[in-house]
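The numbering used here numbers the first residue of the sequence shown as 1 and each following residue consecutively.
Worth flagging that the hints you see were computed from the coordinates, not collected in a lab.
Check each hint, because a few of them may be wrong.
To be verified - Okay, the calculated beta carbon distance ranges per label pair: (1) 13 - 38: 58 to 64 Å; (2) 28 - 62: 38 to 44 Å; (3) 15 - 53: 56 to 62 Å; (4) 32 - 3: 53 to 59 Å.
As the list claims (entries may be wrong) - Taking lysine-lysine pairs in the PhoX-like style, the calculated list, with each CA pair at most 20 Å apart, reads: (5) 43 - 57; (6) 43 - 54; (7) 54 - 32.
Because the structure is a prediction, the values reported are computed rather than measured.
All C-beta atoms in this analysis are idealised placements derived from N, C-alpha and C, irrespective of residue type, glycine included.
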Amino acid sequence: MKKSFLMVAAVAAMLVATGFTACKPNSPQTPKEVDIYVAGYDKSGTNTVAKVWKNGKELYELT
Numbered sequence: 001m002k003k004s005f006l007m008v009a010a011v012a013a014m015l016v017a018t019g020f021t022a023c024k025p026n027s028p029q030t031p032k033e034v035d036i037y038v039a040g041y042d043k044s045g046t047n048t049v050a051k052v053w054k055n056g057k058e059l060y061e062l063t
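Kindly produce the complete structure, drawing on both the sequences and the hints.
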């Protein structure tokens, strides 16, 4: 009787321990910083100029 009680208690302890570790929330991941490049042209008046932008800011223009 005592042996079966110990077996049941051991199995219950293992199930409880496994249940608590399985419900652990995922650790938050830090967002990756990404650079976005865009190439195109800008028409100002009669001139058309090729330009390159990085993250919405003009990097340089090709004349």
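Subject >> Hints breached by this structure >> reply: Of the numbered hints given earlier, the structure breaks none, since each of them holds.
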